Structures are given as structure tokens and as C-alpha cells.
Amino acid sequence: MLEAIGIGSLEALFANVPQKHRLQRALAVPAAASEQELVTELSALAARNAHHAGHDWFLGAGCYAHFIPSAVDAIASRSEFYTSYTPYQAEISQGTLQAIFEWQTMICGLTGLEVSNASMYDGASAAAEAALMAMRITRRTKVVLADSVHPHYREVIQTYLGGLEARIVAAPRSPDGRTAPLAGLVDAETACVVLQQPNFWGSIEDVAAAAAAARAHGAKLVVVVSEALSLALLRPPGSLGADIVCGEAQSFGVPIGIGGPHLGFMATRMAFVRNLPGRLVGQTVDTEGRRGFVLTLSTREQHIRRERATSNICTNQGLCLLMATVYLSLLGRVGLRKLAERNLAKTEYAKARVRATPGLALPFTAPTFNEFAVGIRGDAQAALARALEAGIVGGLDLAPYAPEIGPAVLVCATELATRDAIDRLVAALAGARP
Amino acid sequence: MSTVDRRLRVGNATNGFAYEEPLVFERSRPGRVGFSLPACDVPESDPAAVLGAAALREDLEGLPELSEVDVIRHFTRLSTWNASVDLGLYPLGSCTMKYNPKINEKIARLPGFSAAHPMQPVALMQGFLQLAYELERQLAEISGMDRVTLQPAAGAQGELAGIMMIRAYHEQRGEKRLEVLIPDTAHGTNPASAALNGYRVIPVPSGEDGVLHPEEIAKRMTPGVAALMITNPSTLGLFEEHIAQIAEIVHAKGGLIYGDGANLNALLGITRPGDLGIDVMHFNLHKTFSTPHGGGGPGAGPVGVKNALAPYLPIPVVRRLGGQEGDGFTLDYDFPRSIGRLHANFGNVGMLVRAFAYIRSLGPDGLRRCAEMAVLNANYLLARLRGVYHVPYDRPVMHECVLSDRHLDGTGITTLDVAKRLIDYGYHPPTVYFPLIVHGALMIEPTESESLEGLDRFVDAMLAIAEEAREDPELVRTAPHHTRRSRLDETRAARQPVLRWQPEEPS
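Residue numbers (the numbering used here), protein chains in the order written: chain A, 1 to 434; chain B, 1001 to 1507.
Treat the hints with care, since some could be wrong.
[What the hints assert, rightly or not] Here are the simulated EDC-like pairs of lysine to aspartate or glutamate, each with C-alpha atoms no more than 16 Å apart in a straight line:
1. Lys142/A <-> Glu189/A
2. Lys338/A <-> Glu1505/B
3. Lys1253/B <-> Glu1215/B
4. Lys338/A <-> Glu1044/B
5. Lys338/A <-> Asp1059/B
6. Lys338/A <-> Glu1061/B
7. Lys1106/B <-> Glu189/A
8. Lys1106/B <-> Glu37/A
9. Lys1102/B <-> Glu35/A
10. Lys338/A <-> Asp1046/B
11. Lys1102/B <-> Asp73/A
12. Lys1253/B <-> Glu1175/B
13. Lys1106/B <-> Glu35/A
14. Lys1102/B <-> Glu37/A
15. Lys20/A <-> Asp1275/B
16. Lys1106/B <-> Glu41/A
17. Lys338/A <-> Glu1058/B
Source of the hints: derived by calculation from the structure; they are not laboratory data.
Every value quoted in this text rests on a predicted model; they were computed, and no experiment measured them.
Please take these sequences and the hints and turn them into a complete structure.
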């Protein structure tokens, strides 16, 4: 090969790298490990992380432990899917393209909107990009952001808007756990209202009222969803007046995986499609008239518009999208509803147990889906430590997020929570030692 | 119907085992379901009673009804419609489609990585924190940067983070800089990332020889310029040999250099961006460090910075307690000058685990070997294709080479046709029509994963296509001929957008 190139050594390949810039030593990284050593070493690291397969699990707060059918990983492990890239060459990417088209259709149905993109990085950046999108559509700069949006999402929105002329105004929480009426916060400068459904406290917001408040001043309503399973039960936000529905679809068959890779999604009305960030797949025909799929409306994207693009997002979360599409196909119209009802039943049982247990309380009265706050007598950290002793990861200490409600834990009960585990959690939070 | 037609219509295979496959919604049959729930051990609850009937949806529009076997067959058949690295050479330039080792997939699926939660107490995630801490330091060593954040979920989010840190750095010094210099060979995400930070983009032309020249930078480098964004090697596959001098010019005027790490594979163990004057850079773990591309992600785009920018890193930051081995790790949020948070959690952790495993498998010699073999392969392709295909910048390349269709002038055959005809030969086409400064560009990145005989077969295909372009241009113009779909009508897709499936109205 060197001969064909016309050089005498491998070293000569790098002749254009000035000698003084060459690294004159070996990189100081650990020596190569065999596959066998790698497995031993990384298994030992993995074993030092607790996980929901080894504990009774009540921690949600934006990442949800759900059962994942084996068929999901069987498909996601097919290297025809996971070792391909963005489907630039449509004729040899129809598998990926068709799956994306199916995902777009499913998200439209779930959100009650007309167009969905081919995923975002995660729920937080999807929320931030939705706010940017509303600013582009309205040419306004004020964003009314509910305090009850996931605190990490709010931070990411702040980060994304930090370099632009934008003003974020907080919409406070009312004592019942929902966002207080927006009157007075929305005005003629407001680009959008950003609301989470169910919100960070698990409470179900009044989307229709928020839509009316936004619309009264020509602002858009962005509804952020971090527990996508709730969409199987609740009226689609799009049908209640939301203009953009976005969030996190990790619940649909994507492992929690220490918080990523997850699956941001975003949907809107056809009227706003030119402002939608991210990739889109559209249906078309080939030269023989057969149905096929291609990446489309790419003039919105940075490889054509460069600095005038709708967003800089390029690589997104393709394989996670595939997992979710397989998951939603397996559960389907009937199964997903049943699963959502099961989550509700587990949560209602847990809430009833909390209500009946002295020393525990429900600080918020608004209805919830599969997550809710539990007021604790005494120290929340101590309560969670008692739960852990009983093999339970009991939820999230709310002290950093809502100190005003007193010691409290955010508890999430999915289909994985057994009645026995719920009983033991409630006992541990109330003060019982295992 | 002819015998051949009849043969083709047997079952739903169009041609032997090449299956046609309808949309998942068209396969749907009422009552089918592909999963099961345990018996309910708590009282059932009535959603209408709990949430109010008005809050509930009536139906799950848009979801199909299928059995598990229906679903498996559907997606398995779809998978056979895809080209992939495991099937063959995928020389997509600047995307580094190298082989993805199988062990990394297995490790990422260990429950301690796949089923752990980002908000569980730090005491319960020490394995992850150690991995993150070590990976940050390994990437810093490989790149010559001082500190690394693993949070960005892809290269473009890394760019965004890097430019945010640059902006914060200048603001902290009380400087108002409104412009960013970007060479004409840059990835499209570079200008978009700068614009998302409110910067005005000033393009910089590359020289006749394809590389950036210090005088072009000097001309544009004013006190209003916040940074130069540079890709090295560039998207022409060329090493920016004046980089150190360029960095001096930019630094002298108080600017910073952003390095796009998309092409880092060529430099592993050879030279380090940090030693060349780069102040901030992102890594594409899905390119250089072999995490799979997943049909369009998830990737991961960690960012490395020099110490001057460390105060601006996103939070949280992984910190070793007590600074001693064995003391454990924690998450630190106390960085008042941080640009803030970029991701709901810690980024695409599953990709970090795979990249860590990859670096651990290769070690220092293996990493350097990647760069050597990748560069060897690209130069070999260039040597064998030169003459038959036009080489707009004919000099030794790094990990990729850029050709053009100019030698096919007069045949009517363009780069797009060559790309489509390559499909008939069993190859995923290279990146086409990029970089924008080369008319009809074919940007070929073979990576280190290809053997000599594999490269020779690809060269044979490229040479055969050039010959076909002269002898039978129609054959090339109408390619591909052996795919389940021929060329697709992109104009129609854009003019009459159909972006979701809708059931046909009953007539």
C-alpha cells in the first residue's frame, strides 16, 4: 500500500503535520485490555451502581422504570439498524426511514397534533428548542415558564436562551400542586407559555385554561411531557389547544441508563412545520411509482441554511426512536391504555396507603397520574435511608426543589411496583425500620 | 400476467427473500396485542373517577394492534432494507463509520449501567461516576485539553456548549465580541451553533491549496471576533498545517479557537488539538470512539477545554472526593460561572460506557494504530482513484479524500449518479456534494476498519462506474437497479408533504 501511495513508511503519511507538533510519546491511557479483562473490569464498575432490577423502585422525576418487552432489544440489536447512520441515501435506508415515518404518525396520534419530527436529544433540550421555535414563530422574546416544569428542564431552557435576547418569567405553583392561573403573566410580548403535563410534582395541569390564557395574547402554548405514558390516558394536549407538544419518550421502551440516551420528541401543527427543528421523513414514490420514504423539508436544516437554520441539531436519537416505535407497536392501542391504567391503579393504591398512615400526608390535592409528593414527618433523607435498608429506592427528596412544603419525597409507582413493595415503602417512610 | 410476474407475486416477497413490507398500521388487526401484564395486585381504579371524564382521551389514535410475531417480522423485514457497517464498507466522509465492537454493546446493557437512575444518591452510582471521571481524563489526554465535560448529547450540542463557554469567557472579561470566523469548509452545524448564540458568522475562504492561510485570518481577526471555529483535519481531509500560526494571530487579538472534533480519528496519538492552540473542542464519540451511529444517533459530543475556560463548564461536574484513589466520587454543582445545564441528566451515558470500553480495549498503541491505518487507507484510495476521478486538491490527505465528478464532464454523469451506482455494487455511497467548495464532491472516508482487499474491491467498483459513465451512461443515470426502491422523488416529498400515515377515508 505504501508503494501505491509512493511513500516509504507509515511515518511519512503524516508529513503535513509539522514535526514540532507531533506527539513524541505514547498517550498516557491504560494499556490495552483483552475482551476478557474488559468484561471483568467493567462488570465490577457496573456492580457499583444500584439499579431498578435489584431494588424496589419508586424514583421517577423525569426518568421512569417500566418493563421493557424482550422484542424491543431484539430489534434494536439488529446491526442493520444500529450500525447504519442518518438515512441520507434513501434507496438503502428504507428500513430506518419507514420506522421514523411510523414514529412520526404515532406521536401525532398521541399528542393530537399534525406533524412530528424524528426526535430530539432529550426532553429538556426539546423543551428549550420548543421555546426557541415559539420565539421564531411569534417574533417575540418573552417566555412564561411554569415553576412546575422539571427543574433540570428549566435549567436547560435557561442555558439555551442565555445567548439570545430572551426574557424568562416564572409562573408560580398554586397550593394544590398545579400552576396558578396565568392571568397577568401573559402579554403582547409573550412568545409562549411552557407548561409540563403531568408536572414535576405529578399533578395534572389544566392545559385548556393555559391555552386560552396564551391565545388571548397571541402567544403559543408549549406542553412538555416527561412521563410519555400519561399520553395514553389523558386528552391529547394538541386537542386542548397546545401548539407545540414535546418532551421525553424514554418511558416507551428505552432503558433509564443513568439518564441517557433517551428520546426527546416534538410535534406541532402543520402551519408551523417550517419552524420545526430536527429531521423529518416524508412519503413519496420511486421512479416506478412505488411508495417510499425520504428525509424531507431539509431546507430548514443547517446543511442548507447554515447560520439561518431552525436549529443546529443534526445527529439525534435514531435508535431510541426505533425502540419506542417497536414498544408502541407491541403494546398498541389496547395495551398502552391498559398499562397506563395499571400505573394509575398502583399510584392510587399508594396514595390511599399514604392517606391512611399517620405521619404521612399528601401535600398537593390535584389529581395525579403515576407520581405524587408524600409529606414526611421528620427528615426525608432519614426516611429514604430507612427505605433503602429495606431494599427500596424510595423516591426523590424534594428539599432542594420545594422546601416550602416541608419534608417531602416525590414517589413514582409504575407497573413494576408490587403491592407488597408499596406497603413496605409506606411503612419505611412513616418511620418503620425493616 | 407473465410467469415471471406470477413468480414475483408469491406470498409477500417481491423477489425471493426480499420482502415487501407495509406500514405497521396497515398490518394492524383489531384485538391483537404483543405484551402482557401481571395480574393486578391492587384494586383497579376508574380513570374517570380519579381524573374526571373530561380529562381523559377516548381512543389511542395512531397506534396499531399487532401480535409480538407481527411486530418482530415487521421490523426484521424493515431492517433488511438498510445498508449498515456490519454489511459492508460505509465510506461516508466525516462520519467515521468504523466497526462497532460487539463487546461494547454487551457491556452497555449490564443492568448497573442500563437500569440505574441519574437521580439516585451518588453513593449508589459510584461505578458510573468513576467511569465518567476516568473517561474525562482519558479524552483530555488524547486531545491535549485540560478539562472535559461529557454532557453534550451529540457533536452539534457540543458545539453549542463550546460556543456558550466562549461567550461566557468574553462576557466575564467585559468584552463585547459579536462575530465568529468560520472557514468555507466547515460543517453546517458550525454556523448554526454560532448563530444560536447570537453571533454573526464571518466566512473565511481556504487557499488554492485547500488549507487555511494565516493572512486570511489576520485580515478578518478584529477585536470584535470572539472565536475561530476550525475543523482539523478539514473536511477536505487536509491537515491545517498553519494552525499554530493561525492560533497565534487569533490569540493575540484576544480571540479563542474552537476545534470541531469530527475528524479527530486521524490524529489519535499523532498530535493533539490542545498542543496546536485549540482552546475548546468537541469529540464525536460515535465517530472517533466507535459508538454505533444507530441510524442517526444517539451519539455523544463531550467537550474539552483549556483551563481558562474550565469555570464555564456545564454542571454538574464529577469530582473525586479527597483527591485520593478509593475515596469515591461526587457531583459538584458549585460553579457560579458555569453556562448551566445542557441535558436533563448527564448526557448519553450509554455511549460514554461504550467509548470507555473502546479506549480501554485499544490502549495507547491501538489508538495510534487507528489513526495510522485510517490515514493509510484514505491515501491508498486516493492513489488508486487519482486520474480516473478528479482530485481538486491533490496533496497527501489524512483520514479522508475528496474527489469530484469533473473527469466525467461530457458523459452527463454526475456525483449523484456515481453515488447511486455504487449502491448496485454493494457500497454505501460516500458523502456527496460536501464540502460545498468542491463542485460535485465525493468525500470518501474508508476508516481503519477496511482491509486491503476490501479497499481494492471498492476501487474496482469506482473504476468500473467511471467506465460505465462513458460506455453506458443510462445505466448509471438510472441506478440503483438492485434495491427495493429505485430513485425516490424528493421534490414531490417536499412539495406535497406527507409526514404521517392517515387511514384512507371509507369511500
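Going down the list of hints, with the structure as the test:
| no. | hint | result |
| --- | --- | --- |
| 1 | Lys142/A <-> Glu189/A | 6 Å, holds |
| 2 | Lys338/A <-> Glu1505/B | 28 Å, violated |
| 3 | Lys1253/B <-> Glu1215/B | 14 Å, holds |
| 4 | Lys338/A <-> Glu1044/B | 11 Å, holds |
| 5 | Lys338/A <-> Asp1059/B | 12 Å, holds |
| 6 | Lys338/A <-> Glu1061/B | 15 Å, holds |
| 7 | Lys1106/B <-> Glu189/A | 51 Å, violated |
| 8 | Lys1106/B <-> Glu37/A | 14 Å, holds |
| 9 | Lys1102/B <-> Glu35/A | 10 Å, holds |
| 10 | Lys338/A <-> Asp1046/B | 12 Å, holds |
| 11 | Lys1102/B <-> Asp73/A | 14 Å, holds |
| 12 | Lys1253/B <-> Glu1175/B | 12 Å, holds |
| 13 | Lys1106/B <-> Glu35/A | 11 Å, holds |
| 14 | Lys1102/B <-> Glu37/A | 15 Å, holds |
| 15 | Lys20/A <-> Asp1275/B | 10 Å, holds |
| 16 | Lys1106/B <-> Glu41/A | 13 Å, holds |
| 17 | Lys338/A <-> Glu1058/B | 13 Å, holds |
The structure fails to meet hints 2 and 7 from the earlier list, while all remaining hints are met.
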